[in-house]
Amino acid sequence: MVELKEKISEVFRDTNLVICWREGFDPIHATPHFVREESQIEDSIFNLFCVHNLCVYLPFLKEKAGILVKGCDSRTLIQFLQEGLIRREDVVIIGISCRGIIDVGKLMREVLYEAVTGVSIDGDSIKVKTVSREREFQLTSLLADKCKICRYPNPLIYDHLIGEPVESKVSWDMAYEDIREFEKKPLEDRLSFWTKEIGKCIRCYACRNACPLCICRDRCIAETRDPHFTSQSVELKEKFMFHFIHAVHLAGRCVECGECERACPVGIPVKMMKKKINLEMKELFDYETGINVDDKPPMYTFKAEEEKIKEHEL
Amino acid sequence: MRVGVFICHCGNNIAGTVDVQKVAEEMRKIPGVAYSTTYVYTCSEPGQNEIIEAIKKYKLDRVVVAACSPRMHELTFRKAVEKASLNRYFLEMANIREHISWVGDDKELNTQKAIDVVRMAVAKVMNNKPLFSSSFKLTKRVLVIGGGVAGMQAALDCADGGLDVVLVEKSPSIGGMMARLDKTFPTIDCSICILGPKMVDVAQNERIKLYAYSEIEDVKGYIGNYEVTIRKKATYVDWNKCTGCGLCMEKCPSKNAYDYFNFGIAPTRAINIPFPQAIPKKAKIDPNYCRYFLKGKCGVCAKICPTKAIDYDMKDELVKEDVGAIIVATGYSLMGVENFPEYGGGKYKDVITGIQYERILNASGPTGGHIKRPSDGKEPETVVFISCCGSRDKSVGIPYCSNFCCMYIAKQAILTKDHLPKSQSYVFYMDIRAPGKGYDEFTRRAQEEYGVRYIRGRVSKIYPRGEKLIVRGADTLLGIQVEVEADLVVLANAVISNPDAAKLAEKLRISYDTFGFYVESHPKLRPVETNTSGVFLAGACQGPKDIPASVSQGSAAASKVLALFSKDVLESDPQVSYVNPNVCVGCMKCVKTCPFGAIKEEELRDGRKVAKVIETVCAGCGICTSTCPCGAIQLQHFTDNQILAEVYAFASGK
Amino acid sequence: MPQESKKELRIIGFLCNWCSYGGADTAGVSRFKQPTDLRIVRVPCSGRVDPLFVVRAFLSGADGVLVSGCHPRDCHYSDGNYYARRRLEMLKRLLPFFGIDDRRFHYTWVSASEGERWQRVVTEFTKVIHGLGPLKIEEGEEIG
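Chains as they are written, first to last, in my numbering: chain W, 1 to 314; chain C, 1001 to 1654; chain R, 2001 to 2144.
Simulated from the structure, these hints should not be mistaken for laboratory data. Be careful, since some hints might not be right.
[Stated by the list, open to error] Covered stretches of chain C, as calculated for chain R (at least 3 residues, CB under 8 Å):
| id | region |
| --- | --- |
| 1 | 1008-1021 |
| 2 | 1092-1101 |
| 3 | 1114-1121 |
| 4 | 1622-1628 |
| 5 | 1637-1648 |
Values in this document were obtained by computation on a predicted structure and should not be read as measured data. From the three backbone atoms N, C-alpha and C, an ideal C-beta is built for every residue, glycine too.
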């Protein structure tokens, strides 16, 4: 923690703004923290509850900023740079090697939604104190699903690095096994799966708002009549339309930070759709989002001869 | 909104298989449709007047004409609604002829389909907006790329018409392929004798600015306003000083340089003037062979040059020219002899290509016009010509005919007999293609008067026996195997596009086919236009063609440019993209995907960065609109809402 | 699901103005007979076809969607069909993930002179869609 604050101070002297985390309303909720004054540095933290991808703030920031990123978050920065949404010289990146974060939802369910008064972590176990009792869990059982298949625990781009490098044993195939398994289901089952899942959608747009790559912000075509791609009707088809818009607009762009899924209040597996597209992007264009600054997002370029796209016969 | 719907019977063409009355009736049920009728020939003058009258009488503000393809009559009806003081973009057409009445027999289903399609057009027109063209100025100068006969003709015609011409030629002299020919068919005119004066005309014409040994580096801009960057390649000789005396060439000790002009049939010097009639007649050093460049010492030419023109430190130079139109006349290339190993190409010295033989026949060629075979300099007694080497051969990827080989084979066979009366020529051919004026007579003359033996069949093998080459093949008319003992074999090698054709096409943003030949706007009716307005084609860059066809195209392209430049301002097509700066989030994905460079970043007064379309550059493809995530950039007349309206109207059917 | 033999299904086609729309015209001029199910929307270029138009058509009731543009290299706007190819391929691979049979969506290239090819594309595609029957995306129903 001393190292973290030292780094933030160092960067703050250069930028006058550092985006990091601080403790929220209880010990299991961190919250984004905009350090604009020296005195605020003291509040900054990094722990298992720093779940947010802070990069979401960057594209529309009008000033130079320092930012804290976990391995997964760092891919967002690379994607931004590929798309020209930020300039490298406008960010000072403090990277943190990460062992995974806690899925707060899982934890809340375990403690039956009781108010948490204290947390202590010891090696691989975590002690959680609520108003009525104290319980101990294995860390792995509360880890966010995305962390279990994390291939990039270390930041891929940074100016300063905190923490010892973490090794990942997850391969590409392991990371996308869920998609391949799902695709083994018959078509009807897939449709009924999504009919049930997307049927739950209340069009709150939390997934979209949490997404760092959803750069349209208030001009999202899901909420306008010009162009009129979808209406505000609560019909299933319009809900489908919204999720297709989200997925198609993120084709070859989603860095799988999982913020959409974390933000969804009704538990729709929104990230799955994007993972499916990413799988295809890899297969078609040997492209993986947010890895190389010099890559070109595949939907905004082409080759005259596409090696992997064959003409479809009827 | 008051939409008028006009359903055309097209005589019986539509009404025969579509119940037009029922379609008209159905349209009346749509809210916003104020008037719906049918007419026997809507495109006729009374038909158009009917529309005009109805617009006035029923105060219509949108019009749908359901008739033939909009590719046929959209302009006709746009002009008609304009006569009734309606903006021409308030018209939509529904194609109920080509897409319905002509392709389906079931009247009931056809009628239902027509109802849907017209309803979709009504839905679209309700989302149409008035559009207005703007006018812009143009630079009345023309760039001609390629100084072969087509390019020269185009340049001269443009200059005659009073235009300033920039002529860019990539080799050191203009003249192209024609300058290499000995005689031309079917008149046996001396090629350089008819081309030479034209080349001099080009050189002396004050309106033509010639860049020889130069290439197109970059093309920016749009019709009327192109900015072209030209790379003047280093010649290592200051052409302002060079007088073309040829002393350097005589004294140059590097005598084995590849002779591009003579297609390598004999070597040339490292510093050379390609041929006696070259224009400009200036020397140029080939650094791949020059001893000074290879070994760092020699300098004979620099010492000998009377005007001190040699400059070993010369670098490529980039110059910019502003022009309003571009004529592409870059010509063609030929398959090299080494591509025909089955005929011993590249292995036997006496197997050569047609163009190499042309150089041997030519009085200014390496043999001074005496027919001597390359291996030992002997005069050949038996010459075998093989047609369609590469051409019409799918196995080498050239399914097309090279157009003029049949004719030059006949010519070369005739010339062989003229030069060497005792000689005998044989021609192995697939078909004799001689459709031009006086062409068939010419090939007959070769056979009947000059005794050239034509054998219909393919050659299977060529192998040496002593000093001779044994040509084995089939005579398919007699059904026998034949064997000819030849002294010299001439291959009619296939015409191919230039190796850099695709690269140039991409700079010019014009289309090219699988073979690298440039694609005209319409194969019959727009043969010298391209799909990029302001860029025209002439000569063999569009496909193999002979001299008269190339010259005609050169003149045709020039006349297109002159017609274009007869206007003082050009009108832009308003069907271009438009950015709503209030919606644009400035992600600039449209900028990245625009094939025309028509979108740029603009900073608003509040510091926000948004995309902006340069209307005159935008070609109206709409790639940007399907790229934009927030719908901020909309292709006018094909906006998201216009297309979505059609989709929704489609869905409301049934 | 039983089908009346004459019953049409809902098929929509997005055709580029320069090649495929012209190809469909050529088929018409040559009187190449085709099934009647298809309704055509003219767009300037296949690159103008937003994959979301295709999705919208399906969600609004289309049983089949066809997109046709100029052959690669022949695009009137030089690159439009190249972008289309990538985006539409992405969509074609995404649709079955949601349970929509990818055979319901076909994209292809037809030039202005290929009237016969157009006839074949329409005929075959219509046959494929009739083989699959109507597409149902409804709450409670589970038919792909």
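With a cut-off of 8 Å between beta carbons, are at least three residues of the region 1114-1121 of chain C near chain R? It holds: at least three residues are needed, and the region 1114-1121 of chain C offers 3 whose Cβ sits within less than 8 Å of chain R.
Confirm or reject the coverage of the region 1008-1021 of chain C by chain R under the rule of 3 or more residues with a beta carbon closer than 8 Å to the chain's beta carbons. violated (count 0)
Are three or more residues of the region 1637-1648 of chain C within 8 Å, CB to CB, of chain R? Coverage by chain R holds here, the residue count being 7 at a Cβ distance below 8 Å.
Okay, the region 1622-1628 of chain C and chain R, do three or more residues pass the C-beta test at under 8 Å? Contact hint for the region 1622-1628 of chain C vs chain R: holds, 5 residues under 8 Å.
If you count the residues of the region 1092-1101 of chain C with a beta-carbon closer than 8 Å to a beta-carbon of chain R, do you get 3 or more? Contact hint for the region 1092-1101 of chain C vs chain R: holds, 5 residues under 8 Å.
In the structure shown, a violation is registered for the earlier hint numbered 1 alone.
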